[in-house]
Amino acid sequence: MKLLDLKKKGINIQEHIPLSRYTFTKTGGEAEYLAFPKNLQELEELLQATREEKMPLTVIGNASNLIIRDGGIDGLVIILTDMNKIKVEKNRVIAEAGAKIVDTAFTAANNGLSGMEFAAGIPGSVGGGVFMNAGAYGGETCEVVESVKILTKDGELKSYSNEEMEFSYRHSKIQETGDIVVESTFKLKRGNKHQILDQMHYLNALRRFKQPLEYPSCGSVFKRPKGHFVGPMIIKAGLQGKQIGGAQDSTKHAGFIVNKGGATATDYLDLIHYIQKVIKEKYDINLHTEVRIIGKK
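Residue numbers (the working numbering): 3 to 299.
None of these hints come from the bench; they were simulated from the model.
Just so it is clear, the structure is predicted and the values come from calculations on it, not from any experiment.
Each residue gets a CB set at the ideal place from its N, CA and C atoms; glycine is no exception.
Don't take each hint at face value.
Computed spacing ranges between beta-carbons, pair by pair [as the list claims (entries may be wrong)]:
1) K212 <-> H290: 19 to 25 Å
2) K10 <-> H290: 42 to 48 Å
3) Q50 <-> R192: 41 to 47 Å
In silico lysine-lysine, PhoX-like type, Cα no more than 20 Å apart, as pairs [to be verified]:
4) K238 <-> K89
5) K298 <-> K56
6) K40 <-> K195
7) K89 <-> K151
8) K28 <-> K40
Based on the provided sequences and hints, a complete structural model is requested.
The structure is reproduced here in structure tokens:
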């Protein structure tokens, strides 16, 4: 079945939509086609249509740690935010890929389950968090993932164990395979509900105090180089507050690049490359991006 037939069938498919509406940076070009599947069946049908029409496919979650270039994305872009069911089974929380990590963490907490406190302020989706092994405040997604249900681009449904995901710092193997996270099961421990919630509220307060949440941002831009911290290095290099176009290295939290107004993805990327260049020249350290960068120039 073709894409436009699926639209007639009732799947939410739109054409020529600015992706800046959905990215946390408020930048990015158009999607040729944009779809919001509500369940696994709709997702499978969309994938089948892209295979039949030989159409490029891009899948994104909450677009929180993502920069989409100003040229946009050809083919079909799928945003999974409508696949957001969360359920609890004993000491496990099972969440669809489009569910927010923070909602999953608070669902766990409200059921007296401990282990996801670190995720209290992570703005991404479960699928994105698994994809990049998101972490904060000393915790990482890989520490609580028991298994991940994925859909290959060929339409095969598989389940991977934690070990099969090959997690490492801000990495999982699906970054190479192109598999799509459909659902993740988190194995947690019983704890005191009020203590868990207190810790999560504390971490959220810390995040509000330290991070520039008043501006659009994709969060922490760079991976931490071994033996170094990015923020202090940027400050020491005199780069904090550096601005190109509407994109600025935050004066509140070095290493976060914020949209001060009217920024383009090109502004973001030019500033990223400038910071990388200066850090390389001053310290002979290669800064690699944590943020995912996709789309046409």
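Checklist entry - Taking the beta carbons of K10 and H290, is their distance inside 42 to 48 Å? => result Roughly 44 Å apart at Cβ, these two residues keep to the hinted range, so it holds.
Item to check | K212 versus H290 beta-carbon gap, inside 19 to 25 Å or not | outcome: For K212 and H290 the Cβ distance comes to about 22 Å; the hint holds.
Item to check | Proposed proximity, K89 with K238 (alpha carbon, max 20 Å) | outcome: 46 Å, violated
Checklist entry - That 41 to 47 Å hint for Q50 and R192 (C-beta), does it hold up? => result This hint holds: roughly 42 Å between Cβ atoms.
Item to check | Hinted pair K298 and K56, Cα distance within 20 Å | outcome: 18 Å, holds
Item to check | Pair hint outcome, K40 versus K195 [Cα-Cα no greater than 20 Å] | outcome: Violated, because 31 Å separates the two Cα atoms, which is more than 20 Å.
Checklist entry - Do the alpha carbons of K89 and K151 lie within 20 Å of each other, as the hint requires? => result Judged against 20 Å, a Cα distance of about 15 Å means the pair holds.
Next on the checklist: With the threshold set at 20 Å, check whether the alpha-carbon distance from K28 to K40 stays at or below it.
Outcome noted: 24 Å, violated
The structure fails hints 4, 6 and 8 (numbered hints given earlier, in ascending order).
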